[in-house]
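Asker: What follows is each chain in one-letter form.
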Amino acid sequence: MLTALSLLLFSSVTPSFAAETINVGFTTDFSGLDASMAMQEAPVVEMVVKKINAAGGINGRQINLITQDNGSDPAKVIGIAKMFKEKYKCKVIIAGPTSSVCIALKNWADQNHVPVIAIDPQSDKLWVKSGKSWFFRSETPASPRVEAILARLKKLGHTKVAFEGTTLAWGTDTLASFKARAPSFGINIVSEVLVEPKSKDLSIQAKKLKDSGAKAVICVDYDAETAGLARAMSAIGWKPYVIHTSMANLTASMGLIPTEMFNGWEVIQQIDPTKPLIKQIWADAKAYGAKNVVEDEKGPRAYDAINLLVEAVKLSGNPDDSTAIRDAFYKIKTYERALGPKGGKGGYTEGKNHLLDSKDLLFAAVKAGKLTTVK
Amino acid sequence: MDSYLSDLVPIIIVGLSLGSLFGLVGLAYTVIINATQLVNFGQGDFAMVGVAVCWALIAKLGLPLWVAFPLAVVAGGAMGFITNAIIVTPLLKKDVHPFYPILGTMSVGTIAAGAVGIFTGFYWMPIEHFLGNEPLKVGGIPMDTQGLLIIGTTVAIVTAYWYLLHKTRLGLALRATGFNREVSLLAGIQVGKMASLSFVISGIIAAIAGVLCAPFSAFTATDGMILGINGFIALIVGGWGNPYAALLGGVLVGMIRALIVGYISSAHAELATFLVLMVVLTIKPQGLFAGFMMPKTMNSAR
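Protein sequences, first through last, are from chains Y and G. For the first sequence, this note's numbering gives the first residue as 1, with consecutive numbering after it. For the second sequence, this note's numbering gives the first residue as 1001, with consecutive numbering after it.
The set of hints was computed from the structure by calculation and includes no laboratory data. No residue lacks a Cβ here, since even glycine has one placed at the ideal position from N, Cα and C. The reader is advised that the hints may include incorrect statements.
To be verified - Distance condition first, Cα-Cα at most 30 Å in a straight line; then the derived BS3-like pairs of lysine-lysine:
(1) K275/Y to K370/Y
(2) K367/Y to K1137/G
(3) K160/Y to K1137/G
(4) K215/Y to K375/Y
(5) K51/Y to K375/Y
(6) K132/Y to K286/Y
(7) K85/Y to K125/Y
(8) K198/Y to K1093/G
(9) K314/Y to K125/Y
(10) K333/Y to K125/Y
(11) K125/Y to K359/Y
(12) K1137/G to K198/Y
(13) K179/Y to K352/Y
(14) K279/Y to K342/Y
(15) K314/Y to K50/Y
(16) K314/Y to K85/Y
(17) K1137/G to K215/Y
(18) K155/Y to K82/Y
(19) K1193/G to K279/Y
(20) K132/Y to K160/Y
(21) K132/Y to K87/Y
(22) K359/Y to K275/Y
(23) K286/Y to K1137/G
(24) K342/Y to K132/Y
(25) K370/Y to K1060/G
(26) K89/Y to K275/Y
(27) K286/Y to K275/Y
(28) K352/Y to K275/Y
(29) K279/Y to K345/Y
(30) K160/Y to K367/Y
(31) K239/Y to K1284/G
(32) K210/Y to K1060/G
(33) K154/Y to K291/Y
(34) K367/Y to K1060/G
(35) K291/Y to K1060/G
(36) K155/Y to K210/Y
Stated by the list, open to error - Listed next, the stretches of chain Y that the computed footprint assigns to chain G, with coverage defined by at least 3 CB atoms under 8 Å from CB atoms of chain G:
(37) 176-184
(38) 251-264
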């Protein structure tokens, strides 16, 4: 009788433990500045979670992805993070692209001790250079990009360089980084233009950059504004060497205006397109039904972020302990990364809450309307 | 000093085209205000719907721009008609506070943005420059053909609207409705039809503004709101209820923005816009051009 009762008791309890989900908060910019980027990355995050759940989840527990739009709004994201923690008891959060949103989220994570991994913010303000961090990202920060670009400019012999960037944290932080490092490369930033998001016509700004005598332009801006700059430069008949710091934004821009306006532009590239894993991610995303899949680094970046999160949860030994998950981000050794050169493995090390260094970055150039890796 | 002057021509062109765009949206607001005394807070989304239809016809059905553009304008008018028919008129008949239909227009706009967003995945809806990518060179100065087209179209629309208002019986009825709804009813004017017509005209103007603007800065489903806000600022700066003042308000805001971008920094254009708004609200809240081209009786009525 007792045995029968115990069996009955356990049979009712055990499945409930087995069915208990691991709640993961996912907040990104389904609306706002980076909506086009988020709309391509979110399906990859969902796809990976679905695949893991179909294979049995993490130690038998299914991942429950709770998705919220933050509209590129730093204030809104704090409310969302609070809701993830308090209402849904999330022990880890994955976030989207915008630096200003992620800066707010990082501060929240530091105070609330919930680890956050973001897909693609670039701001240097997110770099935790000593000790363990509560914030991680798959994207490479501005500084290593800046160093790689300055080295590239020096190699190509450009010494008079202009800067065009967004007024948001991504643009201003990157500008500060360029200004600080340019002299050591013998490069002079001769003019700088910060452009508000959603600016309609950049012909005045393009003329300013041209009139400064710059022979090269560094572009750190979102899709529409990058397209606006390319169009404006074309309109005034100015064809300097242009290098963009974000492949994701440049490829999106190329879908907005005739691609020949970008011929000769170069961009930092975090992926090696010859890697089989990269091609697999693009193919899987298309098969999954993701809209507007562009064969660039957005998908691989989201793929690495969600997989690193899953690896950290697995290695934590306790998916209900946010500190254990945070510590586990530093224990990932065997995960094969989509980003970076072939053979790149592992997660994070103390003092470096991102994955790639300047030496890991490649360049791609726009030739005949298509991006080709620069050898 | 020379470089300041050589910069001035492109700055004026950019300021005029941007200002015309804001003014057109301000005019679209005013058309409805004059007929119903209501503000359509879905105005920017009317523009976005125009862009969405134009983009879909070109990108999904392969229609040429010259076919897609008029159809998009028709869609803008239809959006206005539907908004009035399903939300505004039914609420006005219930004699509710004017805030309710205003909130209703906002809801229609938000739903439209959401629906277009689902259709497009909130991705860009790019539309090519109407007259090609090569700039027009006047005296050696390259000018963006889309900007010039916006300026020209705005002049044409305002002229047509002036003609409608002041030279036709329909315009007289529209003006009378805006002047006094009760007296217009007594005079046999079909006030309900005038309200409906004002929404249709407003939708048409907004759709034209949106589609003309899209080649400059590709639209997403949520971008109508930004154009709507700038149009509303144009309306306040220019003068409430005066279509020509709204246009002038838009041009003023556009010029100030362009001058700030040209001579100070493009990082401060938004700040400048709101500073202008604050100054106007403080020194002349009725708008800088409130009485411009308006009959004295209508001015005094406001």
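Asker: Each hint should be assessed against the structure and marked as holding or not.
Answerer: Quick rundown of the hints versus the structure:
Taking the CA atoms of K275/Y and K370/Y, the gap is about 19 Å. The hint holds against a cut of 30 Å. Proposed proximity of K367/Y and K1137/G is supported: the alpha carbons are some 28 Å apart, at most 30 Å. Using a Cα cut-off of 30 Å, the hinted pair K160/Y and K1137/G holds, with the two alpha carbons roughly 28 Å apart. Among the hinted pairs, K215/Y with K375/Y is consistent with the structure: their alpha-carbon atoms are about 22 Å apart, no more than 30 Å.
A hinted pair counts as satisfied when its Cα atoms are at most 30 Å apart, and K51/Y with K375/Y does not qualify at roughly 35 Å. Restraint check: the Cα-Cα separation between K132/Y and K286/Y comes to about 36 Å, which exceeds 30 Å; the hinted pair is violated. As the CA atoms of K85/Y and K125/Y are separated by approximately 24 Å, the hinted pair is consistent with the 30 Å bound. Taken as a hint, the K198/Y and K1093/G pair is broken in the structure, with Cα atoms around 39 Å apart against an allowance of 30 Å.
Distance restraint check for K314/Y and K125/Y: the Cα-Cα separation of roughly 29 Å lies within the 30 Å cut-off, and the hinted pair is therefore satisfied. About 26 Å separates the Cα atoms of K333/Y and K125/Y, which keeps this hinted pair within 30 Å; it holds. Straight-line distance between C-alpha atoms of K125/Y and K359/Y comes to about 21 Å, which keeps the hinted pair within the 30 Å bound. Of the supplied pair hints, the one linking K1137/G and K198/Y holds, its CA atoms being roughly 26 Å apart against a limit of 30 Å.
Restraint check for K179/Y and K352/Y: the C-alpha separation of about 23 Å stays at or below 30 Å, so the hint holds. Restraint check for K279/Y and K342/Y: satisfied, since their Cα atoms lie roughly 13 Å apart, inside the 30 Å limit. Between K314/Y and K50/Y, the direct Cα distance comes to roughly 16 Å. Compliance with the 30 Å bound is thereby established for this hinted pair. Straight-line distance between C-alpha atoms of K314/Y and K85/Y comes to about 20 Å, which keeps the hinted pair within the 30 Å bound.
For a cut-off of 30 Å, the pair hint linking K1137/G to K215/Y stands: about 23 Å separates their Cα positions. Simply put, K155/Y and K82/Y have alpha-carbon atoms about 48 Å apart, too far for the 30 Å limit, and the pair is violated. Among the hinted pairs, K1193/G with K279/Y is inconsistent with the structure: their alpha-carbon atoms are about 59 Å apart, more than 30 Å. For the hint pairing K132/Y with K160/Y, the CA-to-CA distance comes to about 39 Å; that exceeds 30 Å, so the pair is violated.
A threshold of 30 Å between alpha carbons decides the hint, and for K132/Y with K87/Y the separation of about 27 Å falls inside it, so the pair holds. Distance restraint check for K359/Y and K275/Y: the Cα-Cα separation of roughly 18 Å lies within the 30 Å cut-off, and the hinted pair is therefore satisfied. For the hint pairing K286/Y with K1137/G, the CA-to-CA distance comes to about 44 Å; that exceeds 30 Å, so the pair is violated. With a CA separation close to 27 Å, the supplied pair K342/Y and K132/Y stays within the 30 Å bound.
Proximity of K370/Y to K1060/G is assessed by CA-CA distance (about 23 Å); at most 30 Å being required, the pair is judged to hold. For the hint pairing K89/Y with K275/Y, the CA-to-CA distance comes to about 37 Å; that exceeds 30 Å, so the pair is violated. Straight-line distance between C-alpha atoms of K286/Y and K275/Y comes to about 18 Å, which keeps the hinted pair within the 30 Å bound. As the CA atoms of K352/Y and K275/Y are separated by approximately 25 Å, the hinted pair is consistent with the 30 Å bound.
The hinted pair formed by K279/Y and K345/Y meets the criterion: a straight-line CA distance of about 18 Å does not exceed 30 Å. Between K160/Y and K367/Y the alpha-carbon distance is near 24 Å, which keeps this suggested pair within the 30 Å criterion. A distance of roughly 46 Å separates the Cα atoms of K239/Y and K1284/G; the hinted pair therefore is violated under the 30 Å criterion. Proposed proximity of K210/Y and K1060/G is contradicted: the alpha carbons are some 38 Å apart, above 30 Å.
Distance restraint check for K154/Y and K291/Y: the Cα-Cα separation of roughly 39 Å exceeds the 30 Å cut-off, and the hinted pair is therefore not satisfied. About 27 Å separates the Cα atoms of K367/Y and K1060/G, which keeps this hinted pair within 30 Å; it holds. For the hint linking K291/Y to K1060/G, the alpha-carbon distance of about 14 Å falls within 30 Å, and the restraint holds. Of the pairs offered as hints, the one joining K155/Y and K210/Y holds, with about 22 Å between alpha carbons and a cut-off of 30 Å not exceeded.
Remark: the segment 176-184 of chain Y is not confirmed as covered by chain G, as 0 of its residues place a Cβ nearer than 8 Å to a Cβ of that chain, below the required three. With 6 residues having a Cβ less than 8 Å from any Cβ of chain G, the segment 251-264 of chain Y passes the three-residue criterion, so the hint holds.
In this structure, the earlier hints numbered 5, 6, 8, 18, 19, 20, 23, 26, 31, 32, 33 and 37 are contradicted, and the remaining ones agree with it.
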